[in-house]
Amino acid sequence: MNPSGDPIQVFRAEARDLLERAEAGLLDLLQRPAERPIIDDVFRSLHTLKGSGAMFGFDALAAFTHHCETAFDRVRKGEVAATGDLVSVVLEAKDHMRGLIEGGADEAHGKALIARLEREVEKAAGTSPAQPAQAESGTHGWRVSFKLPHDALLNGCNPLALLAEMRELGPCRVAVSTAEVPVLDALAPQECHLTWTVEIDAECPRSAVEDVFVFIIDDMTLDIAPLGDVPASEALEVAPVDAAPGTPASPPPVATTQPAAEPVAPATVVAAAQTSEKRNTKSDESVRVPAERLDELMDRVGELVIAQSRLSQIAAASPNLDLRAVSEDIERLSNELRNTMMVLRMVPVGALFSRFRRLVHDLSRETGKSIELITDGESTEVDKTVVERLADPLVHLVRNAVDHGLETPDQRLAAGKTEAGRVCLSARQAGGEVVISISDDGRGIDHKRVREKAEAQGLVVPGAALSEADTLQLIFQPGFSTAATVTSLSGRGVGMDVVKRTVEALRGSIDVQTRVGSGSDISLRIPLTLAIIDGLLVRVGTGRYVIPLSAVEECLELSPEEDLRARGRSFLSVRDALVPFLRLRDVFGTGTQPERFQKVVIVSTGAERVGLVVDQIIGDHQTVIKSMSKLHEDIAMFSGATILGDGAVALILDVPQLVAAGQEQEAQLRAAG
Amino acid sequence: MPAQLQALEPQNSGSAGAVEVLTFELQGEIFVLEATMVREIMDLVAMTPVPGARRFAAAVINFRGRVIPLADLRIIFGMESRPATIESRIVVIEISIDSTPTLVGLLTDRVNEVTTLDLANSTPPPMVGMRYRPDFVRALVHREGQFVILPDLEKIFSATPGSVRSMQPA
Amino acid sequence: MSGKILIVDDSSSLRIAVKIALTAVGYEAEEACDGSEGLQKASNANYDLILTDLNMPVMNGLEMIEQMRTLPKLAGVPIIFLTTESDAGMKQRAKAAGATGWITKPFQPDALVKVVKKVLGK
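Those protein sequence lines, which keep their order, are chains L, Y and U. Mapping to the working numbering: the first sequence position 614 is 614, numbers consecutive. Convert by adding 673 to the 1-based position in the second sequence; the result is the number in the working numbering. Convert by adding 843 to the 1-based position in the third sequence; the result is the number in the working numbering.
Just so you know, these hints were derived from the structure itself, not from any lab. Owing to the predicted nature of the structure, the values given are computational and were not obtained by experimental measurement. Since no wrong hints were added, every one of them can be taken at face value.
Subject to a maximum C-alpha distance of 30 Å in a straight line, what follows is the list of computed BS3-like cross-link-like pairs (lysine-lysine): (1) 934(U) with 916(U); (2) 957(U) with 77(L); (3) 828(Y) with 630(L); (4) 500(L) with 453(L).
From the derived model, a few chain Y residues whose C-beta atoms are all more than 10 Å from chain L: (5) 691; (6) 785; (7) 815.
Note that CB positions come from ideal geometry on N, CA and C, so glycine has one too.
Full structure from sequences and hints, please.
Laid out in structure tokens, this is it:
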């Protein structure tokens, strides 16, 4: 009865989240092995994964996860320390779990992992846990903080019964927070918005408390901390286990309950001071939306933009003032909607970065190199498509940096560097772009060696003049590799050309800065908005084309005399500067006669300015980019197509590619005659 | 794709199987396509040429808000291109290209009908002696006194060497 | 312990066993033999808790729970379903339909009473 679709798919999506959460927690544990809230969170993720797995028929997963959960339970209870080795095994186990969910898991591997897990647990049990004070605490009581889902009451859950059950465990002090109760007008009386904090003085195991919530634990927020626990920041000063029965370090104001089951007066407003770090069993304040729905919405918004621009055209030509006023309103609303859509699709780049911590951890073990990973700008937001498409290229770049860039610890020390190599991943917004960089402080790239290799591979004619920047760009050519040996980590360099292609497919660019001996910096620049762009609509022959406004610098008129003067030459004179130009009529082979007064659109490809000669400039045009089909996707000159207000199709120019293609065409013509 | 057609291999061309097809004409020859892949039959609409595209798909059209390629099977089968007439139609189909479902518009001289074809009457294309590339034709089916051509569209549009996509651009 | 409970199950022996267990500790119990009858009775009388099997003719337990949750009268009334241990998928579906909790079959009368008390709070 799951309204949002196939339950197995829903489980898979949630399982993926749980696994990511567990991984993040495990990686945190490597830095802070004794931090209780992290351990609890990892345990909870494993526990939920096991339970849900069993529910949806993933028996192998449930059985396997059970082992990890048991191991982590021991860590939780303080019997076993979360050693680096133990965490590493659990991280590998987590990968195996993913394999069990998505297919491709090897049973023998799973068994081997369990064996290793058990060995590590035993080894870790031998070492004293970092905080003996935390072991088996809670024998003096528990501090339970919980919040029920809004529809809990409707589904028959009775908070009073829950409180009554806890009272059976021992004397309770109950406090409630009404902080989230909506104002009366917005309050649906059957919804539950209260948060309770209950302190139970009872020598009972944690499971007894959890049992109270057994029917609802999957849907609620529940935090159980031992009474006598202190805030994480003061953890190091915690008293040893045989201290007097604890009182909370900062007791929140409480209201004692009546013995009879009278409702806790909602008027008792208490800001329940949460001293222990609270992690929810279920993420709140967000709605899970399948990505396809977002894309559909994007399409609808795009079509709306097209229709609205047509409306604007008609209204502008109409004497009807009311129509014009409404059209302006709709234009404003449509812009706002478009901006909201952009924002909806934005996700923080941090989502990408998190997987690199794991990668670097694995790489460090494999290569024996000590690596420090620094990330910056995780909160920089980027369209979700960018995150998806850049994931693999970034992995490749990081691997490359570690494998080819960083030296071994010995080499580094000999060179006077720190033993640990540093890899820095950063993201920032600059103008209409997002810049993602990967830098390392390794040995840098020697452009002379790059040049040699390129010549040996036949990619460059010996003696051809190439700037240092262009030489470095050669590393993105297919088949190029400067590595003397092929390592299993980064392959033969076949990845770099894919990286470049992926970035360019996102209409971005990739830039390499390096200094021999000091390190390298590779920057990916990606435009912020992917699907809707502002463009300049032009006519060349009988066809109409869109030039992205971000590339346009200015527009000029080309008089017939100037046109004549320009024949046979490749430069136009613009305000005393010489600007190379391309006649799009020729590039596109329209076979039509030129307009008497043509126009020149001066565009910038980043590196240079070029004039594009067109027959007519029609005007500004907001367009929704539709991608070219498989039969046309390899035509580099066009990055996509769009539908104009009158239903006709206009192709969108990819300015750098167009310029390159046009220049090549001219070179061929010149060579031919 | 109907299972019956999948079984249409030379060795069991005797297997019975009736399938719904759309019949259309190109240069007087009758072609058939499985009706299940047809999304729409349209009158001719504005075609936007794509500079630098291969001749067999030199233009795109607007189909229900999407920009789809317009393919000219005549070029694929080596026929001469003739100007359009009042009977010309565009048949929009959905086929798998490189494992991605893709919409393609096919230019036709005339669309005849949707009818049932009995595959028991089909023979695989002869390797020689036929005007058209045999690897682009799945079968020749005998129907009402003549042979109609069942093209292998997935093969035609796939990216394998020798396919039309490896042709040089115009 | 007090409260009026509706037992919905197509097995008359189970209904009798449950009725005895519940009345022994002070609850009132009434019976229905399938989802349709259960729905009808629940709409006409006031129950403090509904106990139901899932697999029943005419109208099964899931459907009945869903329908019950559309009746304002039954909002907030706990519904407990009976399930076999291995039927994990069913638990999820029943909860999604609006059930409050479950008891695994086969169960001892004590276990049943414990769950009823837990959910009712009295």
